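Novice: In case you want the letters, here they are:
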Amino acid sequence: MGRDYGVPVPVGYRQTTAGRIGVVLRWIALVIGAVLFLLPFYLLVRNGLATQGELSARDWSLFPRSLHWSNFADVFDSDEVPLLRSLWNSVVVAVLQTVGQVFLCSLAGYGLARIPYRHANKVLYAVIASLMVPTAVTFVPSFVVVSSLGWISDLRGLVVPGLFSALNVFLFRQYFLDFPVELEEAGRLDGLNRWGVFWRVVVPNCGGFFAAIAVIDFIGSWNQFLWPLIIGQDESSWTVQVALSTLLSSQNPKINLLFAAAAVSILPIVLVFVVLQRYLVRGVTETGLRG
Amino acid sequence: MKGTTRAFWLFVGPFLIGLALFTFVPIGWSAYLSLFEARNTVTPTVFLGLKNYADMLTDDAFLRSLGTFLAFAVFIVPLTFVLSLALAMAVNQIGVARAFFRSVFFLPFACSYVVASLVWKMSLFSGVETGVANKVLAVFGGDPIAWTGTVDPPWYWLVLVTARLWLQLGFYMILFIAALQRIPDHLYEAAWTDGASPGWQTFRYITWPQLRGATVAVLTLNLINAFQAFDEFYNILGDSRGYPPFARPPLVYLYYTSLGSGGQDLGRGSAGAMILTVIIAAVTLLQGRVFRFGRA
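Read top to bottom, the protein sequences are chains X and C. Positions 2 to 292 (our numbering) are the ones given, in order, by the first sequence. Positions 615 to 910 (our numbering) are the ones given, in order, by the second sequence.
No lab work stands behind these hints, which were simulated from the structure alone. Fair warning: this is a prediction, and the values are worked out from it, not measured in the lab. Glycine included, every Cβ here is placed at the ideal spot set by N, Cα and C. Certain hints may be false.
Chain C residues, not near chain X, derived (Cβ > 12 Å throughout) [said to hold, decoys possible]:
| hint | residue |
| --- | --- |
| 1 | K665 |
| 2 | A675 |
| 3 | F686 |
| 4 | I759 |
| 5 | A760 |
| 6 | G763 |
| 7 | D766 |
Derived list of chain X stretches under chain C, where covered just means 3 residues or more per stretch with a C-beta under 8 Å from a C-beta of chain C [as the list claims (entries may be wrong)]:
| hint | segment |
| --- | --- |
| 8 | 84 to 94 |
| 9 | 107 to 117 |
| 10 | 180 to 192 |
| 11 | 208 to 217 |
Partial selection, computed: residues in chain X whose CB lies under 10 Å from chain C [stated by the list, open to error]:
| hint | residue |
| --- | --- |
| 12 | V100 |
| 13 | I270 |
| 14 | V271 |
Please construct the entire structure, taking both the sequences and the accompanying hints into account.
Specialist: What follows is the structure, encoded as structure tokens:
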């Protein structure tokens, strides 16, 4: 890692004709690609600043003549969709789920990696076996369990079932296996028990990895749709994704406000993305290539 | 109890209880429900044996949903693979502005499927003349197309596939970039010494074989994710009149069967979930075996 080019070329190759053509083609492709990739974000904001009439007018154009910033105030007042309430729900769900998941899964991953126990292997097999069953396929059975707990349209129903990620336990375990044992032994010599070693020695030394997992969890939790759609049956328990979806499929939605609301909804994640991209890239690599 | 045993359960216990309650219990309960008539109830009394399974496996709509998944996968898996690898190679070889391009292509990963569906349905591929795609068509003298509303030809596939490509290409690109950076320089140097030309030959004989692990990961993840497609189908094709009868992938079908407004049939829904679980587990095991066989 950390070298300049993923696929190196011989010295001087870029000065040959073939090398030059390659560079030019690459630039053209990347610039076109970048414009296409940014276009949807642009449309989101552009349409969020338009009037309702403008969006259905024949002379709609890529570059607006006037910007209606008041849309962003109106969207919070609109009684069609409880945007503030649903944003709040999303924040609560995403924060609780991220913190809870990292907490539970790191503990379990550490236990499986480091604590000798006769049946540890069987437990590990159970975790790996559950990896083969994607959560989305079990949404009907999970719904059955959650509804019999009385957790429909309830914060607990939104948060708790998502806390137990076998994938994260597996990733934490793999990571802790490579943690230097000497550091832990030094902690034991200082009189710490296993719990103390984990919190005082292991966790402070694995900040980057915890951050990577947390960022992935947070984005996943904020953007999830199917589960909140099933559980959030009352308007008061909608997350922002459910609220947007409901508005999108309603009769005659105010499209400009819908775009404004959607732009507001991705703002927290875009911030997380920009600030924590380093950890995000690491998290994606870990979950994708190890999992 | 021994000290280490207690410590083990202290660390692993809380997670394991949750895993049991929200993964294993649901699967067991679902297996139980799938043998009963369970409409609007989770404590059924009428035992049906395997009838729900027989119903599902002979239900045209259920089989069509598997067909819909296959059609989707045929487009999305190869396109994602080729394009994300191409993006990774291009981004990785650009000198200046590499971080910028990587961020731009990765940024949609932060966007939800719901928001992307909104942009695709209401703006990019809006059926009215003012939709971006129709504006582009008009430049070339084409008539506007109702992208999400036409079955023949099924333009909605273009909408669904491009939306997912936009959302996930960056993710797979990051995986490929990481894999590309792990290929040791000396392999390339050795190849040039042996007379391989940069470009196709080094790609064919060095880069491609070295990417094997990433290739398997990308294909597997992509296929499993495609199998679970729900969000963009639901939000792009559904509207105030409900969901059209076509283009229902397995999860959309299951959603409407077991939880939709027309009566909750949890017995058949559970049978369907069981069948899908078996399919996914079989595919996971099979691909693991297939890819391992090829390894020397």
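Novice: Work down the list of hints and note, for each, if the structure agrees.
Specialist: A quick look at each hint next to the structure:
Under the 12 Å C-beta cut-off, the non-interface status given to K665 (chain C) relative to chain X holds; the minimum distance is some 18 Å. The beta carbon of A675 (chain C) is kept farther than 12 Å from every beta carbon of chain X, the shortest such distance being approximately 16 Å. Separation of F686 (chain C) from chain X is adequate, the least Cβ-Cβ distance of about 15 Å exceeding the 12 Å criterion. Every Cβ of chain X is farther than 12 Å from the Cβ of I759 (chain C); the closest lies at roughly 16 Å, confirming the non-interface assignment.
Remark: the non-interface label on A760 (chain C) is consistent with the geometry, its nearest Cβ contact in chain X lying 15 Å away (cut-off 12 Å). Every CB of chain X is more than 12 Å from the CB of G763 (chain C) (nearest about 14 Å), matching its label as outside the interface. Separation of D766 (chain C) from chain X is adequate, the least Cβ-Cβ distance of about 24 Å exceeding the 12 Å criterion. Counting residues of the segment 84 to 94 of chain X whose C-beta sits closer than 8 Å to any C-beta of chain C gives 0, which falls short of three, so the coverage hint is violated.
Counting residues of the segment 107 to 117 of chain X whose C-beta sits closer than 8 Å to any C-beta of chain C gives 7, which meets the bar of three, so the coverage hint holds. Only residues whose C-beta sits within less than 8 Å of a C-beta in chain C count toward coverage, and the segment 180 to 192 of chain X has 0 of them, not enough to reach three; the restraint is violated. By the rule of at least three residues with a Cβ nearer than 8 Å to a Cβ of chain C, the coverage given for the segment 208 to 217 of chain X is violated, with 0 such residues. About 14 Å separates the beta-carbon of V100 (chain X) from the nearest beta-carbon of chain C, more than 10 Å, and the hint is not met.
Annotation: I270 (chain X) was flagged as interfacial toward chain C, and the flag holds, the nearest CB pair being 4 Å apart, inside 10 Å. For the restraint placing V271 (chain X) at the interface with chain C, the shortest Cβ-Cβ distance is roughly 6 Å, inside the 10 Å limit, so the hint holds.
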